[in-house]
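Colleague: Each chain, written out:
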Amino acid sequence: MSYEVKLDIFEGPLDLLLYLIKKEEINIYDIPISYITEQYLHYLDVMKMLDLNIAGEYLVMAATLMQIKSRMLLPKVKDDDEEVEDPRKELVDQLLEYQKFKEAAGYLRERESERQEWFTRLHHPEIEDVFEEGEFVLTNNVFDLLTAFSRALKNVPEDVVHEIIVDNYTVEDKMHELLHLLLENKYVRVNALFHQVKSRLELVAIFLAVLELVRLGEVLIRQPSLFGEIELYRNEQVLLS
Amino acid sequence: MNEKDEIVRLVEAILMVADHPLSLKEISDVIGADVTSSQISDAIEVLNRFYEDSNRSFRIRHIAKGWQLFVLPEFSPWIRKLYIAYRQERLSRAALETLAIIAYKQPITKVEIEQIRGVACDGVIRGLFEKNFIKIEGRKEVPGRPFLYGTTDQFLNYFGLGSLKDLPKLEEFEHIIGEISQQEVDLGLGEVKVTDRENRCTDSEVAQSTGKDQPEDREVETEN
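Protein chains in written order, with the numbering used here: chain F, 1204 to 1444; chain E, 145 to 368.
All the pointers check out, no bait thrown in.
In silico lysine-lysine, DSS-like type, Cα no more than 27 Å apart, as pairs:
hint, chain 1, residue 1, chain 2, residue 2
1, E, 309, E, 254
2, E, 313, E, 254
3, E, 313, F, 1225
4, F, 1357, E, 279
5, F, 1389, E, 225
6, E, 275, E, 225
7, F, 1292, E, 313
8, E, 254, F, 1357
9, F, 1401, F, 1389
Residues from chain F that keep clear of chain E, each with C-beta distances beyond 10 Å, as calculated:
hint, residue
10, 1246
11, 1265
12, 1287
13, 1398
To be clear, the hints were calculated from the coordinates, so they are not data collected in a lab.
The structure displayed is predicted, hence computed values, not measured ones.
Glycine included, C-beta positions come from ideal geometry on N, C-alpha and C.
Could you put together the complete structure from these sequences and hints?
Modeller: Here it is in structure tokens:
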């Protein structure tokens, strides 16, 4: 079995080239193409050695570099009226353009951490504040629930083939567990519910239990924001009756 | 109590309970009568000056096209103790690069983003969608009619921007390149450029009006 690890050392061939240019203190407007190509290919070799997954873009760039290199070697055919374009120009323009956005990304990084020092009112006020009596409306559709489910499914550890599954998860058990949870807590987040599962079977059991409880009207679903976390509440009216 | 004071008090009351940024129009709609947006923004200015003068722990900030009360950053360590859930987030470099490109070049197609970054961006774009940082603005009328992407208010909020105008001009990032790659250029020049960029940023915030206290807030931040 082979593993392909994508290490984000470089964000792509342009990033690698910029790194080399900086490291070798090269003037970006006058890149020694043969030298930089050599360095670039060397880095690709190292990445291969480390068994890093080298994306196709890196190889395309290698080809581009070699093409520029060969064009530089060709004698320049000079027309009288037009200046012969430097074969490196297109690449340099691309690098400069990319570098600009790299800087802009750095600026966003600063703003990101600055912003996280500014706190404001919490987004999830206590349920009592939000709901008037009888105002509890089920606005969710099953798709959002399915999305949460499929996301959770992706995070479940893969079932190991040799493992003998001892635990039998039944929908009924899960329904009871959930109702108990809701007696102790005002609400339960669906993601938190899915978070602790040990197998796909358990996840499916929980999912079906949630659906069944919703169908029976024992549990109400609330999604405070669009695409936000889904929360389950116990339907007090059912309990009272 | 005169009418102006009453508006100031109303604006404060509304912003006190709001859990998301409110636009001037939203606030004036709530207050009703014939209150104009400029009266609201005057009121916000009055409030911020008052908070400043009386050394309060919060300010009204212009964020994501609206206004919202924020506790000053110097208190963040205590707030974090109160709500452990407020953990710090960091987007990946790929996500930041892609967002920067979309922010400056919107509306833009995936292919155009990939041309600038030099790598495939499908996964990153999907992630930005899930985080609600970008939205589809339409389709480009070229073969295949690809989607055009733009940034959302959530993007502005996450980076603490009032509006897209708060972003420094893209050309301002160009100077920094010259500074790095052209070794012969003396380094002092680079420093001048950086302060220039910050000044302009502050200017634009002042130009947003009302946020007269914003530059002060920045200073508090840097003191930390």
